[in-house]
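Residues 1 to 509, numbered by the UniProt record's numbering, are exactly what the sequence shown covers, in order.
It should be emphasised that the hints constitute simulated quantities derived from the structure, not laboratory data. There could be a bad hint or two in this list.
[What the hints assert, rightly or not] FRET-style restraints, in silico, Cβ to Cβ: (1) D300 <-> D453: 42 to 48 Å; (2) L411 <-> G272: 39 to 45 Å; (3) A502 <-> A158: 21 to 27 Å; (4) R238 <-> A184: 26 to 32 Å.
[What the hints assert, rightly or not] In silico DMTMM-like links for lysine to aspartate or glutamate, alpha-carbon gap of 20 Å or less: (5) K288 <-> E423; (6) K282 <-> E303; (7) K282 <-> E295; (8) K509 <-> E305; (9) K292 <-> E193; (10) K283 <-> D300; (11) K228 <-> D208; (12) K283 <-> E305; (13) K228 <-> E239; (14) K288 <-> E323; (15) K195 <-> E239; (16) K288 <-> E259.
Note that CB positions come from ideal geometry on N, CA and C, so glycine has one too.
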Amino acid sequence: MPPTPFAPSHTTPFKSTLSTAMHGRRAAPPPAASASWPPSAASLLGALDARHWRFLAEGGANLLVAYDGPAPSPWRGPHGQRLALRLTKRSRALHGASGSTTHAPVDATAWREQVVAPLLGEDVASALPATVCLPLALPAAQAFVEQLAARIEMHRPAARRRQDGIDTHAAQLWAVEDLSAPDAQGRDVLLMEIKPKWGFLPAATHLDGTSAPHKRSTSRYRMHRVLKAQQAGVTVGREQWEQTYDPLQLYADDECSREQAVQALTREWRWGEWPADGARGKKSNNLKLFLKGKEVDTADTQELESWRGHLSSTASVDLDSLESLTGAMLSVLRPALSSDSQLATALQRLAQLQRRLDALDVEGLAARWRSETGCAFGSCSGADGTTSEEASVLLAPPTLEEYAAVVQLFLAHEQRLGRDSDEQAVRQTQAQLAACPLRQATLAFLLSATFKDCSIMLRCLPGQETDTAWRLEVRLIDLDPKPLARLAHYEALDREIVECFATWCEAQK
């Protein structure tokens, strides 16, 4: 019997997390608090006019444009909300063909409702985005995309323009909340993006004798930093490494540790990774700040001054003092750092999902794969060059129904665990994953990878009065499915990280 589709009781519209590989076919339901928001796909499609949109931002796979047209409009909500448009991009190397994906298309709305939201649970899933899928089947909608692509092309960064462009052959685009838009009173908001990374240390059960001492004592992210420094030709000492951002502090149960994480994030935001001799280091992406829809460039004095001026209560902040900068950050973030905050609740659940869905660690899962298929992890070719039919089946693109079945199995298992400690839960989940079919254990591992790679958006709104605290709205984004094609990469990277870190530790003695 297929799992019952999950229908969350909340649908708050905000920025979409949908990748080019997630093809939805229906709009998310409107929130109960407002029957008119977000509007229907039909009303939005009827209000498309390329003249009313401006370039906002873009990433590797998608591009955002902001509504800049007249009001009233279906693109503006009754309480100051605004919708942006997310368009998929295609590589110039594809010679005009529509962009390809590395795994089978998944209905994005169903992925959110049947996979991500049930795993997060009702409290945390309230931070998930509601989106409206706009199909581009009609000629008028296709013409809009072509006109918009031509209109904004010269506003895109030159480096991006050389690599890719808007996919004018895409089957749909997405209406998403513009988190950078002003609040209901027209005041600018400060938007923060935090990449929390891995929030756990793996259990020792499936680790070998050489990796266990390091994996059990040091966060994966900080070990990876050493490898990246080596690859960049940067020499890193123990003292400098100790100052790097540690995700385990952000995920910790106490405010003091979270404040230490904020300080490290602030240092790397302001001065980059591994700064030396007064020179800025490589730009860090673990913390980004946006003001008026534009990322604050810490190398641009004028933009920093604008950011400082926006923090009216901390306008005297010294831009060259870590202590002063951290104080300014904490003046905004402190409401989110308490143990009962929405952010703390979200971080706690993310860490649980990361760890429990990856209870075998990549080492244990890879060993089971080799044992059952005779092939390398993520491969269907044996040592003798023959193809394993069993492994070929394991590497078939997963369906939404398969993922939903894994979710239901996992949640039923969690319910049986009750109030067990996380350590007990991990041990029990290890046994569960070892007993279930290898295909399901592999999909659970990929789900863990999704939660390891997500981002947290904090929409920071000024208080109602000048002396009141900031109000923060938490959003979880970038929760797309991960491709089976990366299994071999995950194992190889894990091995490389540990070996490099072990060598570095020896050199520091």
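For each hint, the structure was consulted:
1. D300 <-> D453: 42 to 48 Å: violated (29 Å)
2. L411 <-> G272: 39 to 45 Å: holds (41 Å)
3. A502 <-> A158: 21 to 27 Å: For A502 and A158 the Cβ distance comes to about 42 Å; the hint is violated.
4. R238 <-> A184: 26 to 32 Å: violated (50 Å)
5. K288 <-> E423: violated (33 Å)
6. K282 <-> E303: holds (19 Å)
7. K282 <-> E295: Status holds; Cα separation ~16 Å.
8. K509 <-> E305: violated (43 Å)
9. K292 <-> E193: holds (14 Å)
10. K283 <-> D300: Distance of about 13 Å is within 20 Å: holds.
11. K228 <-> D208: Distance of about 23 Å is beyond 20 Å: violated.
12. K283 <-> E305: holds (19 Å)
13. K228 <-> E239: holds (17 Å)
14. K288 <-> E323: holds (19 Å)
15. K195 <-> E239: At roughly 24 Å apart (the allowed maximum being 20 Å), E239 and K195 break the hint.
16. K288 <-> E259: holds (17 Å)
In this structure, the earlier hints numbered 1, 3, 4, 5, 8, 11 and 15 are contradicted, and the remaining ones agree with it.
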